[in-house]
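J.: Spelled out from the first residue to the last, the chains are:
2 protein chains.
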Amino acid sequence: MNKKQFPYCQDWAIGVDLGGTKIGFALVHKDGKIKEYTKIPTLASQGKEQVVGRMTENIHQMIQKAKISPETIAGIGLGIPGMVNPMTGIVRFAPNLPGWENVPIAKMIENEFNRPVMIENDANAAAWGEKIFGVARGMKHLVCLTLGTGIGGGLILNGEIYHGQNFFAGEVGHMILNQNGPECNCGGKGCLEAYSSATGIRNQIREKYEEMRQKENDFSSIPDVNQVKLIDLFQQAREGHPVYSEVIREALEYLGLGIVNLIHLLNPQMIVLVGGIANEGEKLLQPIKRIVNQRAMPSYTEDPQIVLGKLGNYAGIVGSAALFFPDR
Amino acid sequence: MNKKQFPYCQDWAIGVDLGGTKIGFALVHKDGKIKEYTKIPTLASQGKEQVVGRMTENIHQMIQKAKISPETIAGIGLGIPGMVNPMTGIVRFAPNLPGWENVPIAKMIENEFNRPVMIENDANAAAWGEKIFGVARGMKHLVCLTLGTGIGGGLILNGEIYHGQNFFAGEVGHMILNQNGPECNCGGKGCLEAYSSATGIRNQIREKYEEMRQKENDFSSIPDVNQVKLIDLFQQAREGHPVYSEVIREALEYLGLGIVNLIHLLNPQMIVLVGGIANEGEKLLQPIKRIVNQRAMPSYTEDPQIVLGKLGNYAGIVGSAALFFPDR
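From first to last, the protein sequence lines stand for chains A and B.
In case it helps, this note's numbering puts the first sequence at residues 369 to 696.
In case it helps, this note's numbering puts the second sequence at residues 369 to 696.
Just so you know, these hints were derived from the structure itself, not from any lab.
Possibly wrong hints are sitting among the right ones.
[Stated by the list, open to error] What the simulated footprint calls covered on chain A by chain B, stretch by stretch (three residues with Cβ under 8 Å from a Cβ of chain B suffice, anywhere in the stretch; the number is not a length): (1) 545-557; (2) 674-681.
[Claimed, not checked] Taking beta-carbon pairs under 8 Å as the criterion, some of the chain A residues facing chain B (in silico): (3) 534; (4) 536; (5) 538; (6) 589.
From a predicted model like this one, the values you see are computed outputs, not experimental measurements.
Glycine included, C-beta positions come from ideal geometry on N, C-alpha and C.
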């Protein structure tokens, strides 16, 4: 097709990663390169109008700074930490964004920029990013786990994001692995997230200290594990810290079991791990792979690759932009 | 399109349900009605040539008996209890059919009848049957659980059977729900099948008797639970049998948890229960629904219908035939 027929080549897309604490913006080229990137605090408590205002302001600035014509932007993709309907562009609700209930965010942004807007759940966006530009290029069936404060899941099945009936699919973090297990944020018990998310790990550490204290009639206060960085928790666990090592061993064990269940159920080509905990890299992968090899049925253990995402913390933002870039 | 252009209307398909103990055959009209039906013992131990021989013989007889021209048969669909590749028509392996490894069964049947042959895993066939002619007509996303000797799963996602990368998807029976749970046939521990299949229930009953015997220093022998019909086990459990009621309560509890995990992961419109245990009907559904309502996240509990299959023991056979009937 002759490019001259078109006034502009739409080589760009903007990705926005709307998080509970930070909003990331990126201008992404269709080859996957990030040309502009910026990050601002969400300040969600100021209300959604304020948040949307800061979003549009920053998108305007980014376009100006990049010195590209708005017509060369294929669209704006938003990754949102909640239940969203990509067909209507409405955020149904987002637990970490107070007041975000039934917000027609796509329409709001579209009106401002006169460019197409697509929205996705953030874990789905991360999965799509890894598929289009990351470690899962060319994969048809994959599960992407976002291992952070919580645990999210993005399913790509038959080459497309799988949404389910009400766009709620992929809640891997709330797979129940022990019905009598620790309490989860969702109100349930023994969910994967209650064991293997950053929050779950910290809660379990506090639990263990509390148990020890009661057993030993120790009235000293429990160390504030929120003050310890995740990377240090993992490091000290490996060095044999009596509490951390037990909790993290269990966290990885349950993460492995969750992955076994995903493999048995969906028979994916690849499981991609992203998010803060995935920064542990190979040290995370090895114990998980060992558990999967032990617990998955023999016919499955040869197949699925369990890998780290390639886009790091940019998976969601690049994936949101890549909603406008077709599969290659 | 003018029907006169075609010499024949292909209004029929043959469905074959190849089980470990019995083979069912049905001539199915495209409106879903069964015109002919027959069932023979598999006699799997005689070897696969013998089994295939009896299959072709019975298909020939069925066509003759129905007095239809073979050209009016759109095809022959085979539901097979194992890992099959529907693209190549090869059975990779089938645990309950000794010697069935890499058997090009589709080609073998095709050569005999000169009609197209399609193969499917039996749980997938049952899911498809319920979708095309049963309780799940018009559904886009559904999970069908075959609750029998084992527990199988058929996933219909986006209106199609979902196979996964190696056609292994849907092993719902081997979802691990308690990593320290009872041993499962697959070699693992605490799989759904180890709790909630007929085999799992019987094993757990034996376990419980054994525990009681040891606790009470009782040297009498354990009653042979294999001699008690499944329907009687359930009935006696409801009447308060001290061992059966505990085991079956747990079996339904884990079945409910497994369904919660499926709902969180796949957000289906419908969960369809078929197979021997599903014959319990409403008495089975009520406790399961209660558990799902307790344990699923609130946003999910309104949506998915948990229902009994409509085709009963014919789901697999009608579904195998219906592989030739497009979705309506």
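J.: Against which earlier hints does the structure fall short, listed by number upward?
T.: The structure breaks hints 2 and 6; every other hint is satisfied.
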